[in-house]
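> Residue numbers (this note's numbering), protein chains in the order written: chain A, 1 to 243; chain B, 1 to 259.
Source of the hints: derived by calculation from the structure; they are not laboratory data. Among the clues, some could well be false.
What the hints assert, rightly or not - Examples of chain A residues toward chain B, derived with CB under 10 Å: (1) Gly28; (2) Arg49; (3) Thr70; (4) Asp71; (5) Ser73; (6) Glu84; (7) His85; (8) Leu88.
Unchecked claim - Ranges of calculated distance between the beta carbons of each label pair, as one might list FRET restraints: (9) Arg10(B) - Pro32(A): 28 to 38 Å; (10) Ala203(A) - Gly19(B): 46 to 56 Å; (11) Arg14(B) - Pro32(A): 43 to 53 Å; (12) Leu30(A) - Phe38(B): 41 to 51 Å; (13) Ser115(A) - Arg34(B): 20 to 30 Å; (14) Lys31(A) - Val150(B): 30 to 40 Å; (15) Gly16(A) - Lys17(B): 46 to 56 Å; (16) His217(A) - Gly26(B): 31 to 41 Å; (17) Lys31(A) - Arg34(B): 19 to 29 Å; (18) Arg10(B) - Met99(A): 53 to 63 Å; (19) Asp192(A) - Val204(B): 48 to 58 Å.
Here the structure is a predicted model, which is why all the values come from computation and not from measurement. Idealized CB from N, CA, C, for every residue including glycine.
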Amino acid sequence: MEIPRGKITGIMGPSGTGKTTLLRIIGGQLKPDSGRVLVGGVDVARVSRDELFELRKHIGMLFQSSALFTDLSVFENVAFPLREHTALPEDSIRDLVLMKLDAVGLRGARDLFPSELSGGMSRRVALARAIALDPDLLMYDEPFTGQDPIAMGVLMTLIKNLNLTLKTTNIVVSHDIHETSAIADKLYVIADGRVIGAGTPAALREDESELIRQFMHGRPDGPVPFHFPADDIASDLLGRAVA
Amino acid sequence: MEILQRLGTRMLERLSKLGQASIMWGMALWGLPRRGDFGLFVRQLYSIGVLSLVIIVLSAFSIGSVIALQFYTQLARFGAEDAVGMGLALVLLRELGPVVTGLLFAGRAGSAITAEIGLMKSTEQLSSMEMMGVDPLRRIVAPRLWAGLVALPLLTAIFNVVAIYGGMVVAVEWLGSDPGGFWSGMQDVVEVWDDLGKGTIKSVVFALVITWIAVFQGYDTEPTAEGIGRATTRTVVMSSVMVLALDFALTLGMYGDFK
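Produce the complete structure using the sequences and hints provided.
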């Protein structure tokens with residue numbers, strides 16, 4: 001797998017195929033059982049702890065659960081990486097934080113606490129926090145889940161714009177096919193821990209392989225079963241009555 | 001055979017946990033502090049020290065007065081009421097002060113530390129901090145360890161003072177024992193190093209152990225609601241048992257020659 005620099009790469013696949021795990025391996029939080037992950041030529045599983053933390057300053061990650069710090073306000077959450085990693089004076093930090101919050105439409109929510117935000121709003125705050133240090137690599141874990149259509153549109157434009165203006169390398173992990181196809185330059189489809197398809201969104205949509213067709217067009221029947229492995233439903237339901 | 005195998009696995013698991021805990025503890029305590037860390041330390045000192053004051057003061061007062069009551073009734077039979085102050089001070093400074101404060105601290109602050117860190121872990125706050133290049137050992141764990149180390153000996157001192165005051169209220173103000181005898185008896189027998197110093201050493205050791213257990217249990221918790229509940233219970237149980245066991249060991253080691 002190759003993630004091109006300065007492009008948006010989408011990683012799609014059914015739930016439970018290890019998309020989030022992949023992001024954690026890239027970020028060095030998990031060690032791969034086999035294989036290597038190079039970020040900018042550095043093997044993240046082999047560097048020292050200090051080097052890893054240094055490397056992570058250039059990586060932004062949006063967590064599926066937002067993972068905002070519940071003891072800090074929205075403003076302080078976004079200011080957190082700036083305060084930790086820069087020696088900027090307070091008024092510069094304020095300006096930067098407000099700009100980032102404005103980009104996600106939440107400048108007015110700066111004094112709220114994470115517990116007062118809706119799921120979609122906290123996702124946007126988390127995004128503002130992830131881009132606070134203008135990272136070189138941005139990883140989004142399911143950025144579109146739980147967003148209303150308006151916020152969804154704004155988020156897509158935001159991701160696209162960040163990529164265009166800052167030349168950020170983006171990895172978007174998602175199973176929202178339409179949204180991801182719309183913004184990604186390149187797509188990977190993974191299932192069962194393997195890459196089953198790669199290419200531009202247009203090319204993948206035309207792909208002939210059963211697996212990819214099923215996924216790209218959202219059909220319940222195909223090589224990937226919709227059901228978690230189970231006995232036949234008739235015997236499962238009737239079995240107890242018979243016995 | 002199978003039992004042996006399982007016992008072995010359990011032992012190995014325990015040992016590896018102990019190893020992890022020691023590494024974490026070392027890295028957190030000796031990690032270099034950074035600008036702004038003092039503020040974090042002060043905040044923790046407030047939440048685990050200052051907020052424990054109420055329970056410490058209340059328990060100290062009642063324990064002090066109840067000891068004085070028992071001592072007085074027994075000693076009065078020999079006409080030795082004056083010895084109440086002396087006995088009270090020795091019992092508190094050497095044993096009850098550090099031990100009871102340690103137990104209360106484990107219940108009040110240790111459980112809070114575990115629950116807080118456990119919840120941070122289960123909501124991925126620790127992960128996201130790591131991904132931002134901020135070491136949670138430095139940002140979250142270290143301030144709590146240091147704050148516990150400072151808070152517990154101070155709380156113990158406060159406990160001792162309040163308990164002696166409580167004893168004085170009972171023995172002198174209420175039961176009418178002679179205040180001169182009460183205080184001078186205490187002054188005669190209490191040694192700075194032998195009683196105060198060794199008691200303080202005990203409370204420092206307890207602080208190390210309790211915060212270590214609390215922080216590691218939080219950090220190592222299974223990120224579910226039950227997991228946090230279990231970890232919190234384990235913190236209180238383990239640290240209470242450790243406090244009592246260590247107290248015996250420390251008393252034996254420091255005062256020695258009992259036979």
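> All hints, please: hold or fail.
Verification of the supplied hints:
1. Gly28: holds, 9 Å
2. Arg49: Interface hint status for Arg49(A): holds (8 Å vs cutoff 10 Å).
3. Thr70: Status holds, d = 7 Å.
4. Asp71: holds, 9 Å
5. Ser73: violated, 15 Å
6. Glu84: OK, holds: Glu84(A) within 10 Å of chain B, min 5 Å.
7. His85: With a closest approach of 7 Å, the His85(A) hint holds.
8. Leu88: violated, 12 Å
9. Arg10(B) - Pro32(A): 28 to 38 Å: For Pro32(A) against Arg10(B), whose Cβ atoms are near 29 Å apart, the range 28 to 38 Å holds.
10. Ala203(A) - Gly19(B): 46 to 56 Å: holds, 50 Å
11. Arg14(B) - Pro32(A): 43 to 53 Å: Given range 43 to 53 Å: violated, Cβ gap about 28 Å.
12. Leu30(A) - Phe38(B): 41 to 51 Å: Between Leu30(A) and Phe38(B), where Cβ atoms are some 33 Å apart, the hint is violated.
13. Ser115(A) - Arg34(B): 20 to 30 Å: holds, 28 Å
14. Lys31(A) - Val150(B): 30 to 40 Å: Given a distance of about 37 Å, which is inside 30 to 40 Å, the answer is holds.
15. Gly16(A) - Lys17(B): 46 to 56 Å: violated, 29 Å
16. His217(A) - Gly26(B): 31 to 41 Å: violated, 55 Å
17. Lys31(A) - Arg34(B): 19 to 29 Å: Since Lys31(A) and Arg34(B) have Cβ atoms about 27 Å apart, the given range 19 to 29 Å holds.
18. Arg10(B) - Met99(A): 53 to 63 Å: Check passed, 54 Å falls within 53 to 63 Å.
19. Asp192(A) - Val204(B): 48 to 58 Å: holds, 55 Å
Figure legend: structure checked against the earlier numbered hints; hints not met, in rising order: 5, 8, 11, 12, 15 and 16.
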